[in-house]
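Participant: Residues per chain, in single letters:
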Amino acid sequence: MLLIPCPWCGPRDEIEFGCGGEAHIARPENPDELSDEAWADYLFNRANPKGPFAERWVHSHGCRRWFNVVRDTATNEILAVYEMGAPRPEIGSPPVLASPDESGTTSDGESL
Amino acid sequence: MAERYQQQSALAHFGLSARATSDQNESECGVWLGEHAFRGQINLRGDPGKKTFMDAVAKVTGSRLPTKPNTSAGPDDPQAGPRALWLALGEWLVVTVPGAEEETARSLAEATADCGGTVTDVSDARTVIAMGGRHARDVLMKGCPLDLHPAAFEPGACAQSLLALATVILYRGADPSEADVSAFEIHVARSFADYLWTWLEDAADEYGVRIIEG
Chain A
0 MLLIPCPWCG PRDEIEFGCG GEAHIARPEN PDELSDEAWA DYLFNRANPK
50 GPFAERWVHS HGCRRWFNVV RDTATNEILA VYEMGAPRPE IGSPPVLASP
100 DESGTTSDGE SL
Chain B
0 MAERYQQQSA LAHFGLSARA TSDQNESECG VWLGEHAFRG QINLRGDPGK
50 KTFMDAVAKV TGSRLPTKPN TSAGPDDPQA GPRALWLALG EWLVVTVPGA
100 EEETARSLAE ATADCGGTVT DVSDARTVIA MGGRHARDVL MKGCPLDLHP
150 AAFEPGACAQ SLLALATVIL YRGADPSEAD VSAFEIHVAR SFADYLWTWL
200 EDAADEYGVR IIEG
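Sequence order for the protein chains is A and B. Numbering-wise, numbering that gives the first Met the number 0 puts 100 at position 101 of the first sequence, and it's gapless, one number per residue. Numbering-wise, numbering that gives the first Met the number 0 puts 180 at position 181 of the second sequence, and it's gapless, one number per residue.
Check before you lean on any hint, since a few could be wrong.
Not close to chain B: a few residues of chain A, all C-beta gaps over 12 Å, as computed [claimed, not checked]:
no.	residue
1	Pro6
2	Pro10
3	Asp12
4	Glu13
5	Glu15
6	Pro27
7	Asp35
8	Pro48
9	Lys49
10	Ile90
Between beta-carbon pairs, the in silico distance windows are [stated by the list, open to error]:
no.	chain 1	residue 1	chain 2	residue 2	range
11	A	Leu2	B	Asp204	26 to 36 Å
12	A	Gly50	B	Lys141	29 to 39 Å
13	A	Ala37	B	Ala150	50 to 60 Å
14	A	Gly9	B	Lys50	34 to 44 Å
15	B	Thr119	A	Gly9	21 to 31 Å
16	B	Arg63	A	Arg26	39 to 49 Å
17	B	Thr20	A	Gly84	47 to 57 Å
18	B	Thr119	A	Ala37	35 to 45 Å
19	A	Leu2	B	Gly115	33 to 43 Å
20	A	Ser59	B	Arg63	20 to 30 Å
21	B	Gly115	A	Gly84	12 to 22 Å
22	A	Arg26	B	Arg189	30 to 40 Å
23	B	Glu153	A	Leu2	14 to 24 Å
24	B	Asp201	A	Gly9	45 to 55 Å
Worth flagging that the hints you see were computed from the coordinates, not collected in a lab. Every value quoted in this text rests on a predicted model; they were computed, and no experiment measured them. In this text, a Cβ means the ideal position worked out from N, Cα and C, and glycines have one as well.
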């Protein structure tokens, strides 16, 4: 069982979450111009590394918000947690936890 | 919404009021259970960073919305006024006494119309199961992954989590009968209420259960 640090609710049990697969997969700008191979690659092919892997998770039974997690697939160690839309952090640095401050805005000043 | 005279609580078929006892001397009972039927529940969304929104809501509810995750604001006793539970960034659940939800929702909608508030009356979606007694936490710990130690889950704390695999909103209040133990309010979807009540009664059986009037 993983203990996943939700950026909003804090550390919670894995059963409260859903995993959305690999993160940072952008939909191609012009799907019409893609070859079948390139389209199939976008749809189906995912990295399967042994080591740090960026994934999307959703806190389904908590705040119902999506966020990104870098998890080591060999050790299940969670190396970083960051917001949707943020670039993948450099791994090797300690876990970065975005947390809302008292005004409810996020660390980079963005508010909902 | 159903007409008031047609309203049936989610646990009406258990006949809880017939089993309820107000006898405080039943010291062999480690847990008490009851249903707070028809509590008003209003889902409120808005920008916590916007002062006009926060001020407008505070004017209606009488207390400022909590911005710290897993906390609540407002009186423990719902008779004293609405209570707001933090649900997510920019989302709260405003809990009122039965019947007050329509008026509160209308006031909130009018007050926040100009500053981006969204108000939805969701009272009929969930019922509230109340549980307390000196073994209440032991019962919850059988089916809830949260850290419910009093130091981690303080009076006034709230959290959305799972209880016996049912999605719940858990709120910790103060037990009016015994000062040193806590009472919990469990908001659970109406369709899960029968299942969760049955589970709770079974889980609490070993400590002795007393049913209270909601």
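Participant: Evaluate each hint against the coordinates.
Facilitator: We went through each hint and held it up to the structure:
no. : hint                            : verdict
1   : Pro6                            : violated (9 Å)
2   : Pro10                           : violated (9 Å)
3   : Asp12                           : violated (4 Å)
4   : Glu13                           : violated (9 Å)
5   : Glu15                           : violated (6 Å)
6   : Pro27                           : holds (31 Å)
7   : Asp35                           : holds (41 Å)
8   : Pro48                           : holds (29 Å)
9   : Lys49                           : holds (29 Å)
10  : Ile90                           : holds (26 Å)
11  : A:Leu2 to B:Asp204: 26 to 36 Å  : holds (31 Å)
12  : A:Gly50 to B:Lys141: 29 to 39 Å : holds (37 Å)
13  : A:Ala37 to B:Ala150: 50 to 60 Å : holds (55 Å)
14  : A:Gly9 to B:Lys50: 34 to 44 Å   : violated (26 Å)
15  : B:Thr119 to A:Gly9: 21 to 31 Å  : holds (26 Å)
16  : B:Arg63 to A:Arg26: 39 to 49 Å  : holds (41 Å)
17  : B:Thr20 to A:Gly84: 47 to 57 Å  : holds (55 Å)
18  : B:Thr119 to A:Ala37: 35 to 45 Å : holds (43 Å)
19  : A:Leu2 to B:Gly115: 33 to 43 Å  : holds (35 Å)
20  : A:Ser59 to B:Arg63: 20 to 30 Å  : holds (29 Å)
21  : B:Gly115 to A:Gly84: 12 to 22 Å : holds (21 Å)
22  : A:Arg26 to B:Arg189: 30 to 40 Å : holds (38 Å)
23  : B:Glu153 to A:Leu2: 14 to 24 Å  : holds (21 Å)
24  : B:Asp201 to A:Gly9: 45 to 55 Å  : violated (30 Å)
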